[in-house]
Amino acid sequence: MNDDVHTLVGAYALDALDTDEQARFEDHLHTCAPCREEVEELQATAARLGVAVAAPAPPVVRERLMEAIARTPQERPRTVVVEPARWRRWAPRALAAAAAVAVVTSGGAYLVEHERSQEAQQQVQVAQQQTEAMSAVLAAPDAEVRSVTLDGGARLRVVSSTSLDRAVVASAEMPAAGPDQDYELWTIDADGPESAGIMEPGEDGAPKAQLVDGLGSATALAITVEPEGGSPNGQPTSDPIATVDLA
Amino acid sequence: MGEAVPLHPGRGDVPDAPDPDSLLQAVARGDEQAFGELYDQLSAGVHGLARRVVRDPVRAEEIAQEVFLQVWQTAGRFDAGRGSARTWVLTLTHRRAVDAVRRDQSASDREDRYDWTGGPDYDVVDEEVSSRLEGEQVRRCLQTLTDLQKEAVTLAYYGGYTYAEVARMLEATLPTTKTRMRDGLIRLRDCMGVAV
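As you go down the protein sequences, you meet chains F and D in turn.
Per the working numbering, residue 1 is the first one in the first sequence, and the count goes up by one each step.
Per the working numbering, residue 1 is the first one in the second sequence, and the count goes up by one each step.
What the hints contain is simulated information worked out from the structure, not anything from laboratory work.
In this text, all values refer to a predicted model and were calculated from it rather than measured experimentally.
Positions of the beta carbon are idealized from the N, C-alpha and C atoms, including for glycine.
Don't take each hint at face value.
[As the list claims (entries may be wrong)] If we take Cβ atoms under 10 Å as the criterion, some of the chain D residues that face chain F in the derived model are: (1) Arg59; (2) Gly76; (3) Gly83; (4) Ser84.
Model the full structure from these sequences, guided by the hints.
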């Protein structure tokens, strides 16, 4: 059987295998890149046989569908394709198991396993929403990326999207803030700085990627070191360690 | 201080005439209008194929609905690097249609009902061809297959038969039947210039 398995590729593309054979062939596909390529081409060919007998559906099908999708949830996107290649360290990573969600931190991905417990599920949902929102910024057609290197070698990347009015701030090789300190993000516009939240530390203490919601008329983003929990008075208590112009 | 760089050069605004692949990306983000447009572009293919395989118009409508609902639910899982959106949707359709027709009729019934006119099933593409150009090209390219390759491919694709059933119906061995299906598809691919 194993010698023959490649010859099944045509029958597979035509859905002409029985259930067991189909499952076995699909297992084989995982390990055979040439077969996968051939299957893609032959399925595309078979699809043309389908288009050849196209026949419009009655309008009621469309109506029922539009109504159904309004109340049908979608599965979470599994992958975000981010270019150029240098972004891989900062981009949310797709994982083979649909059950795991990657939350972006500096220097790598922090995995949140999709467990059955209620609390874990809620955490995953929050993480998923964050990841989705961040992925949307990275994938926005008008996304722009700006980089800064700090004294000491830490690097910051800001991806901003005017259409989404949001930005993602990610860091690499950024030291953890001191024991009673936090990094705070600020948007700066004509009226001065406004807090955009604390950069939460990840497992290793370094700040995790942060979503900045609502850029508005901000002309720059800044990071300062503040007391733990952020500035007590809504204004930076020291000069920024980094500033990124948005204009 | 770093300079601003567009992350997606050349993509700027939304294109004027969205193709199924772009629409599917938008659907993955929950865009209901994009879903409607995707439906408008692909539904005739989906419905026509389902209709051709399962024959029953009501069943065909159900399949079309199930396919598009699945597209809505799983658009985020579609891997654009592995073929076009159109191929994906039609492959989903063909699978469901074939499963339906195999469930609804026993194997021996279906083999018995096969119309033994003795010749290759040329008419299979003549029926219900609303996409005339596409039908013409497929019809023309099916001519580049041997009669036996054409029979094997069309029995499998439009008839929903397994290769074992096709082998019995054409009184050929299993290896020969598998080879005819593969070689037939390869010839079709080359004739139509299919790019994945």
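Taking the hints in turn, this is what the structure says about them:
1. Arg59: violated (13 Å)
2. Gly76: Holds - the Cβ of glycine 76 (chain D) comes within 10 Å of chain F, reaching about 3 Å at its closest.
3. Gly83: The hint holds - glycine 83 (chain D) has a Cβ within 10 Å of chain F, the shortest such distance being about 5 Å.
4. Ser84: holds (7 Å)
Violated hints amount to a single one, hint 1; each of the other numbered hints is respected by the structure.
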